[in-house]
Amino acid sequence: MAPLPDEARDEIRRLQRHYEQRQSALLPALFVAQRELGWLPPQALQEVADLLDLPLSEVTAVASFYRFFFLEPAGRHLILLCTNLACLLNGAEDLRRHLEERLGVRPGQTTPDGAFTFRESECLAACHLAPMLMVDRERFGPLTPREVDELLERYRAR
Amino acid sequence: MPAESILLRFMEGEGTADLEAYLRVEGYAAARHALTALTPEEVIEIVDRSGLRGKGGAGFPTARKWKFVPKDAPLKYVVVNGDEAEPCTFKDHMLLERAPHLLLEGIIIAAYAVGAHKAYVYVRREGYLARERLRQAVAAAYARGFLGRKIFGTGMDLEVVVHSGAGAYIAGEETALLESLEGRRAMPRPRPPFPAVFGLYGRPTVVNNVETLSHLPAVIRLGPEGYRALGPPALFSVSGHVRTPGVYELPLGTPMRQVIAAAGGLRPGRRFKAAFPGGSSSALLTAEHLDVPMDYEPLRAVGSMLGSASLIVMDDTTCIVRVVARAVAFYKEESCGKCTPCREGTYWLSQIFDRILEGRGRAEDLELLTHISRGMSNGACFCLLGESVPPGLEASLRHFRHEYEYHIRTGRCDVEAALAAAVAPGA
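Chains A and B, in that order, are what the protein sequence lines are.
Just so we're aligned, residue 0 is where the first sequence starts under numbering that gives the first Met the number 0, counting upward by one.
Just so we're aligned, residue 0 is where the second sequence starts under numbering that gives the first Met the number 0, counting upward by one.
Keep in mind that the hints were calculated from the coordinates and are not lab data.
C-beta atoms are modelled at their ideal positions from N, C-alpha and C, and glycine is treated no differently.
There is no bait here: all hints are sound.
Here are the computed lysine to aspartate or glutamate pairs in the EDC-like style, where the Cα-Cα straight-line distance is at most 20 Å:
1. B:Lys117 to B:Glu178
2. B:Lys331 to A:Glu119
3. B:Lys117 to B:Asp71
4. B:Lys337 to A:Glu57
5. B:Lys117 to A:Glu19
6. B:Lys70 to B:Glu40
7. B:Lys117 to B:Glu181
8. B:Lys337 to B:Glu386
9. B:Lys66 to B:Glu40
What the simulated footprint calls covered on chain B by chain A, stretch by stretch (three residues with Cβ under 8 Å from a Cβ of chain A suffice, anywhere in the stretch; the number is not a length):
10. 84-90
11. 162-173
Produce the complete structure using the sequences and hints provided.
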C-alpha cells in the first residue's frame with residue numbers, strides 16, 4: 000500500500016502546533032490518515048507513530064479504543080442507527096430489522112458491494128429526531144422504513 | 000418559550016451561528032463589559048452569587064470550581080466539555096450548532112476569570128455540524144478581534160482550539176476527557192488531584208460544560224439577582240413518548256408534569272408510566288413523582304437526580320425491562336475497562352437481561368441483578384460511569400418488579416399482553 004501523501008504528512012506535523020505536548024495530536028492525526036485511506040491499515044498506524052515519534056503500541060492502543068477509527072476496511076458510507084432509549088421508544092428496532100433485511104448484513108458488517116458499513120450506535124444526541132440514523136455526516140429522522148429505503152437508494156448511487 | 004428566555008432565543012430557527020446575527024442581539028457585549036469594567040475577582044463573585052451550577056450532570060457550583068484554580072500558575076487552561084453523550088441529552092449539541100458564539104463569549108468570560116489564555120473545545124465525533132459551525136465561529140471571532148491578541152483592545156490574549164473526540168462516552172468524564180485530549184485512551188484519572196489544580200498537561204485546568212459556559216453572558220448581562228429571578232433558567236432535553244421532543248428552556252424547579260406539557264404532552268390516548276428525569280444515569284420515577292420540581296435537591300430527595308436535565312418520558316406502551324436492559328447495554332458498551340466492578344458488572348448484568356428478554360429468565364435472577372448492582376454502588380467503581388447503572392436498575396426493580404417477574408414466569412412481556420387485550424375489542 001502506498002504511503003500517506005506528502006500533504007497529509009505535513010498536515011499531521013502541523014497539528015502538533017496547537018498543543019503543548021505532541022501526543023495530543025494523535026487523534027487528529029489518525030483522522031487525517033483515515034480520511035486519506037478510508038481506514039487505518041497497520042502501515043498507516045506505523046506512519047502516524049513515526050510522524051509523532053510515538054511507540055506503535057501506544058498508537059495502536061489508542062486507535063483501538065475509540066469507535067470512529069476503522070482498523071478494518073469500511074464501506075463507502077457509514078450508517079449509524081441509533082438504538083438508544085429515545086430511538087428505542089420510538090421504533091428503532093423496526094428500523095434495525097428493516098435495515099438488516101434491505102442491506103443483507105448484520106450490525107457491524109459491510110455490504111458485499113462495499114457501499115455501506117452498518118452499525119448500531121449509542122445515542123447520537125439528536126433525540127428530537129427519534130427514531131433517527133446518520134449516514135456519514137448527515138442526520139435523518141424521524142424515519143419510517145419507507146424513508147430508509149429512499150435513503151439507501153440515494154447513497155448507494157454515490 | 001418564556002419571554003425572558005436567555006439561551007433558547009439564540010437557538011430558535013437557525014439561531015445565531017453567524018457572527019453578524021449574534022452581534023445584532025448584543026453579542027459579545029457581556030464579555031466586553033467583563034474584560035473592560037470588571038476584575039477577574041468581580042466576575043467570579045458575580046457568577047458565585049448567580050448560583051450557576053455545572054450543567055454537564057454533576058451540578059457543581061461553577062464559581063467554586065474556578066476558585067480552586069491557583070492564581071499564580073504561569074499556564075492555565077479552559078477545557079470545554081462538548082462530548083455530551085449521556086443518552087437523550089442533546090442541548091449542548093443544539094447550542095453548538097445554533098449559537099456557537101454564545102459559547103465563545105462564555106469561554107472568554109471564564110478564561111478571563113481564571114486567567115487562562117488558551118481554551119480547548121472538545122466536541123464528540125458525531126457532532127460534524129456542531130464542529131463546523133464552531134470552527135466558523137472561531138474564525139469569525141478571530142477576524143473581529145474577539146479572540147487572539149489583545150481582545151476588545153484590552154491586555155487579554157485568548158486562543159481557542161476546536162478538538163474532535165473519536166467516539167467514547169467515557170470521554171465526557173472530565174479527567175477521561177483530559178486523557179483523551181492528551182492523545183491517550185479516555186480513561187479516568189484518580190481524583191484528587193482535581194483538574195483545577197492538576198489538569199491538562201499537569202496545568203491548572205477548568206473543565207466546564209458547553210451549556211454552563213453559554214449561561215455566562217446572561218449572568219454578566221443581567222447580574223446575579225436578575226439571572227436568579229429567571230428561575231434560574233435551564234435547558235431541558237425532553238425525549239421519548241412526548242408529542243414534540245426537543246430542547247426547552249424552563250426555570251429550574253419546574254415540575255416534571257409541566258416539562259412534559261412544554262414538550263406537547265403525551266401522545267394521544269396514552270398514559271404516563273415512568274421517566275428518567277436526568278438521562279439514563281438517573282433513577283426512574285413514576286406517576287407519583289409528576290409534581291416533583293425538576294431541581295437538584297428535590298430530585299435527590301426522591302432518590303433520583305437532575306443530572307443533565309434530560310427527561311426521558313415513557314408511556315404505558317413501554318416495557319420497562321427492555322428499557323433498563325438497553326440502558327445497561329449502553330454502559331457495557333461504553334465501559335472503558337479500567338475497573339473491575341464496571342467492566343465485569345455491566346457485562347454480567349447484560350447477560351442476565353438478555354436471557355430474561357429471550358424468555359430464559361430464572362427465578363433467582365432478580366436477586367442476582369440486585370446483588371451485582373450493589374457491588375457497583377457506593378464508590379465501588381473508579382468513576383461515575385459504572386455507578387450510573389444501579390440507580391435506574393434498582394428503581395425499576397422497586398417500581399416495576401412485577402414486570403420482571405412476569406417476564407421470568409411466562410417468558411413474555413406483560414405490556415404487550417395488556418396492549419393486545421386493550422386493542423382486541425376494536426381490532
